[in-house]
Structure formats: C-alpha cells, structure tokens
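Quick note, the sequences are listed as chains A and B, same order.
Counting in numbering that gives the first Met the number 0, the first sequence runs from 0 upward without gaps.
Counting in numbering that gives the first Met the number 0, the second sequence runs from 0 upward without gaps.
Honestly, the hints are just simulated from the structure, not real lab data.
Careful: at least some of the hints might be erroneous.
Said to hold, decoys possible - Which bits of chain B does chain A cover? Going by a derived footprint, with three or more residues having C-beta under 8 Å, they are:
# : segment
1 : 39-48
2 : 108-121
3 : 222-232
Unchecked claim - Cut-off 16 Å, straight-line C-alpha distance, at most; resulting in silico cross-link-like pairs (EDC-like, lysine to aspartate or glutamate):
# : chain 1 : residue 1 : chain 2 : residue 2
4 : B       : K58       : A       : D13
5 : B       : K184      : B       : E221
6 : A       : K16       : A       : D157
7 : A       : K141      : A       : E208
8 : A       : K141      : A       : E110
9 : A       : K83       : B       : E39
Using N, Cα and C, we set each Cβ at its ideal position, and we do this for glycine too.
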Amino acid sequence: MSIDFIGVNLQLLDGFKYTLILFFATLAAAIPLGLPIAFGSMSRFKPIRLITRAFVWVIRGTPLMLQVMVVFYVPGLLFGMPFKSRMAAVIIAFIINYAAYFSEIYRGGIESIPVGQYEAGQVLGLTKTQTFFKVILFQVIKRIVAPMSNEIITLVKDTSLARVIAVGELIMAAQDIVSVYGLLWPLFYTAIFYLIFCGVLTLLFGKLEKKLDYYRG
Amino acid sequence: MKKRVAALVLAVLMMVLAFGFTGCTGNEKTDWAYIEDKGELVIGITYFQPMNYEGADGKLTGFETEFAEAVCAKLKVKPVFQKIDWNSKVQELKSKNIDVIWNGMTVRDELLAEMDVSSSYMKNTQTAVIRKADADKYKDLASMAGAIVVAEAGSAGEVVVKADAGLSQKYTPVDTQVKTFTEVKGKTADIAVVDAVTAAGTIGEGTSYDDLMILSNIALGEPEEYAIGIRKGETELTAKINAAIKELYDDGTLDKLADKYNLTGRIIAQ
Numbered sequence: 000m001s002i003d004f005i006g007v008n009l010q011l012l013d014g015f016k017y018t019l020i021l022f023f024a025t026l027a028a029a030i031p032l033g034l035p036i037a038f039g040s041m042s043r044f045k046p047i048r049l050i051t052r053a054f055v056w057v058i059r060g061t062p063l064m065l066q067v068m069v070v071f072y073v074p075g076l077l078f079g080m081p082f083k084s085r086m087a088a089v090i091i092a093f094i095i096n097y098a099a100y101f102s103e104i105y106r107g108g109i110e111s112i113p114v115g116q117y118e119a120g121q122v123l124g125l126t127k128t129q130t131f132f133k134v135i136l137f138q139v140i141k142r143i144v145a146p147m148s149n150e151i152i153t154l155v156k157d158t159s160l161a162r163v164i165a166v167g168e169l170i171m172a173a174q175d176i177v178s179v180y181g182l183l184w185p186l187f188y189t190a191i192f193y194l195i196f197c198g199v200l201t202l203l204f205g206k207l208e209k210k211l212d213y214y215r216g
Numbered sequence: 000m001k002k003r004v005a006a007l008v009l010a011v012l013m014m015v016l017a018f019g020f021t022g023c024t025g026n027e028k029t030d031w032a033y034i035e036d037k038g039e040l041v042i043g044i045t046y047f048q049p050m051n052y053e054g055a056d057g058k059l060t061g062f063e064t065e066f067a068e069a070v071c072a073k074l075k076v077k078p079v080f081q082k083i084d085w086n087s088k089v090q091e092l093k094s095k096n097i098d099v100i101w102n103g104m105t106v107r108d109e110l111l112a113e114m115d116v117s118s119s120y121m122k123n124t125q126t127a128v129i130r131k132a133d134a135d136k137y138k139d140l141a142s143m144a145g146a147i148v149v150a151e152a153g154s155a156g157e158v159v160v161k162a163d164a165g166l167s168q169k170y171t172p173v174d175t176q177v178k179t180f181t182e183v184k185g186k187t188a189d190i191a192v193v194d195a196v197t198a199a200g201t202i203g204e205g206t207s208y209d210d211l212m213i214l215s216n217i218a219l220g221e222p223e224e225y226a227i228g229i230r231k232g233e234t235e236l237t238a239k240i241n242a243a244i245k246e247l248y249d250d251g252t253l254d255k256l257a258d259k260y261n262l263t264g265r266i267i268a269q
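Full structure from sequences and hints, please.
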C-alpha cells in the first residue's frame, strides 16, 4: 500500500471540505445570533440579563471540545435518541460557542458608542429601533472589525476539534493517512492549508477595514 | 410591554427545558428489534492496516471490514461503517451512535463492565517496537528497564507495561497506537508497546517508520483475544453474531480472510 503526493493532497482536500463547511456554517449563523445575545446581556430586565450572562459564562467557561461531546453524546445517552448527523452536532456546538463570543464583542462595540449619538437620534425624532439600525449599528461594525477578525481566524483552527466525534476534517484526514500508510509528513503538511486560508482571510479583513475607514482621507 | 415579552420568552424557555428532560425517554426495544427495524448495523471503526482502511480505489477494505460485511450478510442487515474516535468508543456505543465496536478490540476485564462481547475470533499479542539503531540495546525484558516507554492510554499494551516494574519506570500514555511510533521515531520515547497486528501493518518499508523494527523475539504479557463490542444486555444480538461467526469459521471464510491480510494462524477455533 502506498500513496503519492497527489493522492495525499486529494485526501487532505477531502478533509478540508469539512473544515470549510464547518467554518462557513458557523459564521453564517453565529454572526446574526450574537446580536440578540448581546441585547440579552445588556437588557434592563434583570432575569433576562442574568440568564443571558449565565449562558455566556457557561459557554465561555467550558472547553469547546467538551461542548462538542455534550451536544453529540448527551441526546443518545440520556434520551436514547442518537444524533443522526455528526456534522450537524459539531455545527450546532460551534454556533452556540461562537455566538456567545461574538455577543461579547458586539456588547463592547455597542457600549462604546457615546450616549450623545442616541440623544442626537432622539432629537431628530427617530425611534429607538431606528436610532439603533440607522445611526448606531454602522459605527459599531466599524469598531468591531478588528476583534471579529481575530475571533474568525481562531475559528479556522478550532474546526480541528471536530475530530473528537470523528468528523473527518483536515487534521483527522491527515491522521488517517498516518495510520493507514505510515506516512508522517502529511500531518505537518496540513499547516499549509490553514496558512493559506488564514492568509486569504487576513487580506480580506484588511480590505474591509480600509473600506470602513471613511473618516480618514 | 417589554416585561411581558421577556416573561413570555422565559416561560417558553422553561417549557423547552422541561420537555427536553422528560419528554423523550428513548425506546425500550431490544437491540436486535431496533437493528432489524432500521435494517442496518452501524459498525464503529478506526482506520488502520490491515483491519479497516481505504484501498487504492478509495473503498473501505481490510480484514475486519470484510469480516463484518460477511456477518451482516448472514444477519440480513446492511453494514454501515462509522469512523469513531477510539477514546470515545464506550460513549459511542452507549449513546447508540454505533451498534457494535469492530476494530481489533482486545477483550479486557475493564471493558466487560461497559459492554458485552461476542465470542473471540482472533489471537493477538503485545509487541515492542524500537528504533533499528537500538537493536543491540534491547536483548531481553530486563534490558528494557528504565527506557522511556509509550503505549496507547487504556490499551492492552498499557496493561502489559504497568504490570512490569522495569517497563513502567518511565512510562507515558499517548492517545493512539500510531502516535507511539511517532514518539519512538522522534526519540521522545525509546520503546512502543502495541498490538502485534497493528505494528505489522503500520511500520516497515515505504512508510515514514522504516527506521523502526518489531522486537518479535521478546514476549510481552499474555496472549490476548479480539472480539466485537456489543451494547450491554443485548443477548439476542450477541447470540446472532456468535452464530454467524461460527458459520464463517466452519466454512473456512475466516481463515481465507486471515491469509489475505497476512494474519495467518491468528484465527481462534469456534
């Protein structure tokens, strides 16, 4: 049994496919979901605020690896209803985790906007909702691009945790090559995939920051 | 108004939680009825040669793969092979994400507390793997005392290491058998104690581990047996699998498979 360089790349690409699916699915859901959680933790109604903050505390206070295992194994262990799709379990765990982190970034961004902006909205006769979506939100987006890109680049590498419930992402694909063919280099070679992906993201975020930098000539 | 909305959200949340913890209390069917119903047996495996691996055509093959397919044909269910993380095999089985563990699993007392097993079908031994450059260093068990030893955590190899005062002096558990080879090759360890079947299938010419060798002349521990792990208390499924194994032994299928994958002489008479 042997495998050539192209064969290794094909197998790794097959694993990278799952890495990409997990990455984009998590972003697509966690970015909007972070907003209601951020509102929850800023709510003036105490029970909602306490529940939301406790939720964020639990999610940020436990390892993502453990959360993935809880989401996947607990339905089967407690209720005898095993999860049908491993990928779905990982995606759900990742969405919950990243939404919690994003919500804190949003909260920081929203609370950093001076109260004068709200007052200005009020003076112009805008409702609270109008003020938020027409005045505040764009200023928030501008301010959170840097911390968000940080978190999103972390997400690229966190996808490798999916292998704890045997979702065949990039690292697991490489580990399979190690155990089936006794070849060690593909495991380290996966770094190239991650580096290229993160490099592209870094360039994109750089462009976005520049585009949003409309107050400077 | 806002408070009322908040209270409503709270109430819904609590109902969802309450339902989640009481609503769905699994089915009480026996495993065989459960498996017959869905028409497939989900088989937990990991990839390694010669048991379960992807052949040149990208299709799953190997001794255990073909063996499992033959047994499923007799049970008239479809085999579904599911890759698992070996460290989570017990959770996978208990949570019904897989129905059996079929991956060269050595039967040990600790495992019997967690699962039932089929009749044993293959003999296995533990073997030491070292760097070829160290071939002169290790002549017998006594000469291995004080060397840095690695084995898979929770494996039969670990049991052997812990039972020997010399081997266990500087012992480090790692999470997979293959990683033990990487440790020895990278000189972070000197001796790997692993299944003879795994060692023979993974190291040698054409692999990254061609500078390693199996110390086949030094016996480690007692001979062991491979069996299939089945959810606890499922006697009907166990009986059906055992009957199928016996048929496959009697008609010579098992011996033929062993010859095909260089495992000649390891099959246990049924």
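Return the numbers of the hints above that this structure violates; sort them in rising order. 2, 3 and 5
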